[in-house]
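Given the structure of chain A, go ahead and fit chain B onto it with the hints provided.
Chain order of the listed sequences is A and B. Once you know that position 1 of the first sequence is 1 in the numbering used here, the rest is easy, because the numbers rise by one and skip nothing. Once you know that position 71 of the second sequence is 71 in the numbering used here, the rest is easy, because the numbers rise by one and skip nothing.
Take the hints with a grain of salt, since some may be wrong.
Because identical chains share one entry, a pair is satisfied inside a single copy or across any pair of copies.
Keeping only pairs whose Cα atoms sit at most 30 Å apart, straight-line, the calculated DSBU-like set for lysine-lysine is [as the list claims (entries may be wrong)]:
| # | residue 1 | residue 2 |
| --- | --- | --- |
| 1 | Lys109 | Lys31 |
| 2 | Lys109 | Lys30 |
| 3 | Lys140 | Lys6 |
| 4 | Lys15 | Lys140 |
| 5 | Lys47 | Lys160 |
| 6 | Lys30 | Lys136 |
| 7 | Lys136 | Lys109 |
| 8 | Lys16 | Lys136 |
| 9 | Lys30 | Lys140 |
| 10 | Lys31 | Lys6 |
| 11 | Lys100 | Lys82 |
| 12 | Lys79 | Lys30 |
Simulated from the structure, these hints should not be mistaken for laboratory data. All figures in this text were calculated on a predicted structure; none of them were measured in a lab.
2 protein chains.
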Amino acid sequence: MDLKEKIRDVPDFPKKGILFRDITTLLKDKKSFSFVVEELFKRYNDKDIDIIAGIESRGFIFGSALAYRINKGFVPIRKPGKLPSTTVSEEYSLEYGTDKIEMHVDAIKEGDRVLLIDDLLATGGTMAAACSLIEKAGGKVAECSFLIELAFLNGRDRLKGYDIYSMVTY
Amino acid sequence: MDLKEKIRDVPDFPKKGILFRDITTLLKDKKSFSFVVEELFKRYNDKDIDIIAGIESRGFIFGSALAYRINKGFVPIRKPGKLPSTTVSEEYSLEYGTDKIEMHVDAIKEGDRVLLIDDLLATGGTMAAACSLIEKAGGKVAECSFLIELAFLNGRDRLKGYDIYSMVTY
Chain A
1 MDLKEKIRDV PDFPKKGILF RDITTLLKDK KSFSFVVEEL FKRYNDKDID
51 IIAGIESRGF IFGSALAYRI NKGFVPIRKP GKLPSTTVSE EYSLEYGTDK
101 IEMHVDAIKE GDRVLLIDDL LATGGTMAAA CSLIEKAGGK VAECSFLIEL
151 AFLNGRDRLK GYDIYSMVTY
Chain B
1 MDLKEKIRDV PDFPKKGILF RDITTLLKDK KSFSFVVEEL FKRYNDKDID
51 IIAGIESRGF IFGSALAYRI NKGFVPIRKP GKLPSTTVSE EYSLEYGTDK
101 IEMHVDAIKE GDRVLLIDDL LATGGTMAAA CSLIEKAGGK VAECSFLIEL
151 AFLNGRDRLK GYDIYSMVTY
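Bound-form chain A, shown alone (with noise of 0.2 Å):
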């Protein structure tokens, strides 16, 4: 399947000179959905994977219907001050300023294998920290999964050390 064909492509978004690949077009037509969760679960089926944590909030749509295919649990990494119990965060650096992200210190156990999913490799700054935060919880990352990757924004290089895959290229 072309999943390209299904990614509507949406110029000067969220700013001008920026092409926006817009997904919501392939979530909601159920043959290329279900296409995706199915090659994921046949990516990551056999692989040593304990539980499945999922950046917020695009993140969240694959992630947990993959942990649900795969029979594993599934850790919202969220956006700063949306989880209620104990975290850790870590901090990454935006074109302009900084953000932040947030997991439940107790989400997963010490030597957990975590798969991290998200929709976009862009710059790598989110998923460098998403690692970051589950070393920081004790566990080790599995792999770091997208849909899309825009490879001319070179996210791969602020991943260095860790497996990195995704579905669709730009």
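Only chain B this time, still in chain A's reference frame:
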């Protein structure tokens, strides 16, 4: 399965005097996560549903897993400014001030029967706004489905005329 045993009670979050029902402890446990998705599957698999919409962001977690499970598409209903294409939006009142949710205007087709999913029925304001969104876009609300209902907040009063389901009630 007693899901209440898997939901963690966190006092004084997000503010003093509120007892927060934390579902992350349920999500990370593969048995209870899978149990919830299977219960939803049993309830909705034979119902007349065209597509599933989840409300950002915890509604994405069960909404997408269920959409995969019953082989439907998934529609994200999001906070303002997140969706790149033309949206319909709906404002709703909070304890102090207002908030807004949005959906792509082409997310559903005229006449689609939409199952709405969120994690929590509290005062019902967000879900009532989501029902309006579906109707503005030409759809019909098949049911409003929640993991947790806080019955003492009387959220059902704000959702009169819609079918409502919740798996766990406090």
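We went through each hint and held it up to the structure:
In this homomeric assembly, Lys109 and Lys31 come within 30 Å of each other (Cα to Cα) only across copies, at 16 Å, whereas the closest approach inside a single copy is 35 Å. For the identical chains of this complex, Lys109 and Lys30 are inter-copy neighbours only, at 14 Å across copies versus 34 Å inside a copy, given an alpha-carbon limit of 30 Å. For the homomeric pair Lys140 and Lys6, the shortest alpha-carbon distance between copies (25 Å) is at most 30 Å, but the shortest distance inside one copy (33 Å) is not. For the identical chains of this complex, Lys15 and Lys140 are neighbours neither inside a copy (36 Å) nor across copies (33 Å), given an alpha-carbon limit of 30 Å.
Within a single copy, Lys47 and Lys160 get their C-alpha atoms as close as 20 Å, which meets the 30 Å cut-off; across copies the closest is 47 Å, which misses it. For the identical chains of this complex, Lys30 and Lys136 are inter-copy neighbours only, at 22 Å across copies versus 37 Å inside a copy, given an alpha-carbon limit of 30 Å. For the homomeric pair Lys136 and Lys109, the shortest alpha-carbon distance inside one copy (11 Å) is at most 30 Å, but the shortest distance between copies (45 Å) is not. Taking CA atoms no more than 30 Å apart as the test, Lys16 paired with Lys136 passes between copies only; the shortest distance there is 29 Å, against 37 Å inside one copy.
Only between protomers do Lys30 and Lys140 lie at most 30 Å apart by alpha-carbon distance; the minimum there is 19 Å, versus 33 Å within a single protomer. In this assembly of identical chains, Lys31 and Lys6 lie within 30 Å of each other by CA distance solely inside one copy; the values are 10 Å within and 33 Å between copies. In the homo-oligomer, the alpha carbons of Lys100 and Lys82 lie at most 30 Å apart both inside one protomer (12 Å) and across protomers (18 Å), since each shortest distance falls under that limit. Both within a single protomer and between protomers do Lys79 and Lys30 lie at most 30 Å apart by alpha-carbon distance, with minima of 29 Å and 23 Å respectively.
Violated hint for the displayed structure: number 4, the only one.
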